[in-house]
Amino acid sequence: MNATLAVLMRELRLALRSGGGAGLGLAFFLIVVMLIPFGVGPVPHLLAQIAPGTLWIAALLACLLSLDRLFQADFEDGTLDILALSPMPLEGLVAIKAFAHWLTTGLPLVIAAPILGITLSLPDTAYWWLVISLAVGTPALSFLGAIGAALTVGIRRGGLLLSLLVLPLYIPTLIFGARCVAAASEGMDVVPAFQFLAGVTLFTLALTPIAAAAALRMHMR
Amino acid sequence: MSLNVSNLACFRTGRLIFSNQSFVIEAGEAVMLRGPNGAGKSTLLRALAGMLPSEGSVILNGIALDKDVDGVQEQIAFSGHLDAIKPQLTVGENLTFWARLFEGGSVDNAVDQFALAEIWDRPAHACSAGQKRRLGLARLVVSGRVLWLLDEPTVSLDTETTARFADIIKAHCAGGGMALIATHIELGLEGARVIALDPTNMRTATPSSDPFLSEAWE
Amino acid sequence: MSIWEFANPVRFMRLTGKVLPWITALAIGCLATGIIWGFFFTPEAENFGSTVKIIYIHVPAATLAINAWGVMFVASLIWLIRRHHVSALVARAAAPVGMTLTLIALITGAIWGQPMWGTYWEWDPRLTSFMILFVFYLGYMALWEAIDEPDKAADLTSVLAMVGTVFAVLSRYAVNFWNQGLHQGASLSLDKEEHVSDVFYQPLLLSMAGFFFLFLALVFLRTRTEIRARRVKALLLQEAN
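Residue numbers (the numbering used here), protein chains in the order written: chain U, 1 to 221; chain P, 1001 to 1218; chain B, 2001 to 2241.
By construction, these hints were calculated from the structure, which means they are not laboratory data. It should be emphasised that the depicted structure is a prediction, and the values quoted were computed from it without experimental measurement. One should not assume that every hint holds.
Computed beta-carbon distance windows for the label pairs [said to hold, decoys possible]: (1) Leu2235(B) / Ser1128(P): 23 to 29 angstroms; (2) Asp124(U) / Asp1070(P): 52 to 58 angstroms; (3) Ala2025(B) / Ile210(U): 28 to 34 angstroms; (4) Gly1130(P) / Glu2239(B): 27 to 33 angstroms; (5) Arg156(U) / Phe2041(B): 38 to 44 angstroms; (6) Arg2082(B) / Val131(U): 44 to 50 angstroms; (7) Lys2018(B) / Arg1034(P): 35 to 41 angstroms; (8) Met2131(B) / Pro89(U): 47 to 53 angstroms.
Anything over 10 angstroms on all C-beta distances counts as not near chain P; from chain B, calculated [what the hints assert, rightly or not]: (9) Ile2227; (10) Ala2234; (11) Leu2237.
From the three backbone atoms N, C-alpha and C, an ideal C-beta is built for every residue, glycine too.
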């Protein structure tokens, strides 16, 4: 427990001290959402209709932004070698790092999303489900990102490749997450989409530490 | 307590780095690993730490590397070319993190031995190369591991600190520890045994594991 | 003799060298007969007109596009478990072939969709799934290209193939949830009478066999090239020593 907390605290410290690590994703989220009305036109009912998808896609892209550093810095400065020798299993380490990534990237998005929802004329009924669906769905984005980050660690220009590998994995989460919010704004039943969303997240949380740790081990040898 | 290595060989991308290495390190012994550049010193250390695939047998305190990697790794502290230091954290934060993760030796002891008290609150990015190296080596002490694998540990250390580091290795070994040190300089460990890696005599072997070099090709 | 002996590159080269011309001949024979038969000697279907004839390319390409991913998955699994080099190279060889077949299925589908549904593209679950599959192929191939060490590349792409398979299947069902769609059900199934009548079914089977042998021939050919490339690399390294 002590070791787990030590890794988590360190990840949070590093994120907060590395040139606005957490703030950057949030700013990106804001800018993407702001660009949508410029592209689509300032028509409230049109914006209201695309608001759920827009907010979800913007959150997804903002999440992707900081993923390439998840293991890259530790790989470059030799930390990963030492971590591999530590008593903590690599799987646990991956899980903690992904969780820390969510705390610093996903969680701020969850909090900011309803405010940006107002600018897109999101219907009143959808706000709670926007927050809930993002809160449940964004951890899956961080964890799936950990697989991509582990696969591309140490690769030149890995950031672009990371996006190509990770974005297709986001499809189920995006579909169910955006569907939750859309159903809520249309006054339809949200529960089926939400159950699928939660299911995908739980599955992802279980699967990714194993896959990402395997990929990291392959990189180190 | 001992490290038994027999017939160790290592290939990287089909290239033989070294082969036929056999040696024993007993508890309380510090052994120097010598050889010219490219002889495979770093590779040997990483292979012993289970960080690279190797052929042959490595047994540390009765645990075989090929059977139980974790069991071997849990007894090893490694120091490589990189210091594994986060520039955004202070010296103290860096060291206490490793101490809490490894749950091994004493932080006070490490601070004392490597004279870290004066730079304890300094951000690591503001440290000199020598100070960073001291911090990196202090990790060995807080890890509380039996076998130290050191790859050029004295790079960027001044003579005084180098001498002090030699004393720390002696103290570690006096407590029943072991150390294998790849270095070019005289560390000041009198009477330490030397293992020499010679790059010339080992290039003849071909990797048996590479099926693409088979003789029976069409 | 165990099947794993073919995992030895030398044996694989010898065997495929012998069978490759025959498979190629079979592929050309089946494809030519199936497509000529289908195009010129079948009646026009009532509701479809002559456009239905694209089925002889569309359906086999789509079927094999999915199965090519299956080949990649199994070959990657074998590499992870048994570390046979040929297996990893088969997975690598199958990817571009599968990607091309996916593209053929998408393009022929669009050409067919225009007269049938009045649109080249519709975000229908089946069409969308194929586009997703295409993206998965791209990512897989890009990862192979990005890593220099062959064994490490084989390891990591295998992990991606495992994870990708799980999420490709997941996406397939997620997409169903998202949109109901226009595409008819499977054209070929065990209760074939339901979907395609006999006149179309027989040339379709032939064309399917042709595509299958073509796929096999291309994968063997590409694997042979990969093996030769690996041998050249190994020999160069040996010389450099």
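Hint check:
no.: 1; hint: Leu2235(B) / Ser1128(P): 23 to 29 angstroms; verdict: violated (47 angstroms)
no.: 2; hint: Asp124(U) / Asp1070(P): 52 to 58 angstroms; verdict: holds (54 angstroms)
no.: 3; hint: Ala2025(B) / Ile210(U): 28 to 34 angstroms; verdict: violated (45 angstroms)
no.: 4; hint: Gly1130(P) / Glu2239(B): 27 to 33 angstroms; verdict: violated (42 angstroms)
no.: 5; hint: Arg156(U) / Phe2041(B): 38 to 44 angstroms; verdict: violated (55 angstroms)
no.: 6; hint: Arg2082(B) / Val131(U): 44 to 50 angstroms; verdict: holds (48 angstroms)
no.: 7; hint: Lys2018(B) / Arg1034(P): 35 to 41 angstroms; verdict: violated (53 angstroms)
no.: 8; hint: Met2131(B) / Pro89(U): 47 to 53 angstroms; verdict: violated (38 angstroms)
no.: 9; hint: Ile2227; verdict: violated (7 angstroms)
no.: 10; hint: Ala2234; verdict: violated (4 angstroms)
no.: 11; hint: Leu2237; verdict: violated (5 angstroms)
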